[in-house]
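Enquirer: Heads up: the protein sequence lines correspond to chains A and B, in order.
Per the working numbering: the first sequence = residues 27 to 223.
Per the working numbering: the second sequence = residues 177 to 501.
Source of the hints: derived by calculation from the structure; they are not laboratory data.
It is possible that part of the hints are untrue.
Claimed, not checked - Looking from chain B toward chain A, a few residues come up when the C-beta cut is under 7 Å (computed):
1. 205
2. 209
3. 384
To be verified - Below, simulated DSS-like cross-link-like pairs (lysine-lysine); rule was C-alpha separation at most 25 Å, straight line:
4. 451(B) with 496(B)
5. 69(A) with 496(B)
6. 195(B) with 70(A)
7. 70(A) with 368(B)
8. 69(A) with 184(B)
9. 213(B) with 69(A)
10. 237(B) with 195(B)
11. 195(B) with 63(A)
12. 214(B) with 109(A)
13. 472(B) with 364(B)
14. 197(A) with 214(B)
Backbone N, C-alpha and C fix where the C-beta goes; we use that ideal spot for every residue, glycine too.
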Amino acid sequence: MEGKEHYSRRNFLKVSGLLAAFAAIPVSVKAFYQDVKQYLIPKKNVSRLTLSINKTSHTLYVDTRTTVLDLVREQLNLTGSKKGCDHGQCGACTIHINGERALGCLTLASMAQGKEITTIEGLANKGELHPMQKAFIECDGFQCGYCTPGQIMSAVACVNEGHTNSVEEIKEYMSGNLCRCGAYNGIVQSIQKVAAR
Amino acid sequence: MRPFNLEKVKTVAEISGVKSANRQLIAGGTNLVDLMKKNIAQPETLIDVTSALSNNVTFQKEHLTIGAMATNTRVATDKDVIEKFPLISKAILAGASPQIRNMASSAGNLLQRTRCPYFYDITTPCNKRNPNSGCSAIEGNNRMSAVAGYNDQCVAVHPSDFCVALAALDANVKAVTADQKEIAISFKDFHKLPENTPWLDNNLPSGAVITDIDIPSNKFDKHTSYVKLRDRTSYAFALVSVAAALDMSGKTISEARLASGGVAHKPWRWYDAEKFLKGKHATEDVFVEAAKLATKDLKPLSENGYKIPMLQGAIVTALKNCVNQ
């Protein structure tokens, strides 16, 4: 009979042998990959951190490479602080560390233990906006809003530092925050408004 | 960014105990974290020295001592610095942004790397980033590059403003070597020219840790100016900058200090112009002469010839500002 060969013992052994060999490949490939990975890809370094963010203590497992900006955005879902350039050039990630303005994108989370971190989410008091947040709304201190959280954090610090004596001084001390919409005049007015109180 | 270990140390002595083939110290991180993100710096171990080094600024026995960890803001707003060394405060406030000045340490300012665009572009040759790979800036985009002290291996400039003032005021850098010896390096010898090792920015011995910056008392507290010219009014690196300090008796200049950023691989002192100014009447003509003398031997590259007249103008302006105080 013609079809008999298809079910021959020899074919069965060949096919099942091949299948067994193929099934073994993933295991050996995976083992090989793990061996190579050890040499080629440096191992991630994860440690347990306790950080105080907006007066709440958070205990998290964090890769040493994680910046405070990535931590608040990706792990705590506090997405107010924005990632603009991620290289310390635009100020969109401005936060307060121990009450002073700093850049979240250049601060390693592992080095921020024991410090009080405040993001834009921590500025309002029991649901009432911070005076600077209100001033930005009243003075048109933004257009698209992307740089705004950083601008407001920087503006609050600018007033606290007392660098609000002239428009020139405000502009100089706000120069670390770029606004591509060009809402600078509204931002300066907002700061003057809060400083006048 | 390459994964790394982070070790926190509490004393300077502990630093040499951290064993790693490729370790780097981290303080403010404003330059290093950025370099790590761009895979220019790839340390296996970062040593957090923020708790190991002093952040004090003190004036005692006719010396100002700036702790290595004192932030730029701390130094610039210190009462003694503003009163007795105003040039330092003016130079710091001309640099970076308030956020960065709040984070950046004093020692880190000295050790920051150049902002030459090719140093930052890992797809191009750069002797500073990748030794003996060549210099892309000599024949390339060199409008921000050096006009003095460079060679065919590197035309990068040192980016600091703070360091220009420290060079003008003859500061000393105090450090502890890997075998725990205390050393002091005079500021003029701290940073180096490219020579045959453009990948090294300074003469700090390998494994040494800066502990303090020391500035001896001087008479340059009344007539100082820091003029910085850049692509925008604020928050940009200098195209050229001039730190000027005069000690005046009446209308005569008893002593002058003149230094610049944006000129060379290290903060650049204009010694000839300083000598020329000594004993002269402080007039605009004298300042113009001094500026010409300072810039007479400069050799601009293909795209930075504009720096020569710009420097002359900046020197005259800085000296005039000193007198009109």
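Enquirer: Does each hint hold? Answer for all of them.
Expert: These are the hints, each one checked on the structure:
1. 205: holds (6 Å)
2. 209: holds (5 Å)
3. 384: violated (22 Å)
4. 451(B) with 496(B): holds (17 Å)
5. 69(A) with 496(B): violated (58 Å)
6. 195(B) with 70(A): holds (19 Å)
7. 70(A) with 368(B): violated (36 Å)
8. 69(A) with 184(B): holds (19 Å)
9. 213(B) with 69(A): holds (17 Å)
10. 237(B) with 195(B): violated (38 Å)
11. 195(B) with 63(A): OK: residue 195(B) and residue 63(A) at ~23 Å, within 25 Å.
12. 214(B) with 109(A): Distance ~16 Å between residue 214(B) and residue 109(A) Cα, so the pair holds.
13. 472(B) with 364(B): holds (21 Å)
14. 197(A) with 214(B): Roughly 30 Å between the alpha carbons, so the hint for residue 197(A) and residue 214(B) is violated.
Going through the hint list in order, the structure does not satisfy hints 3, 5, 7, 10, 14.
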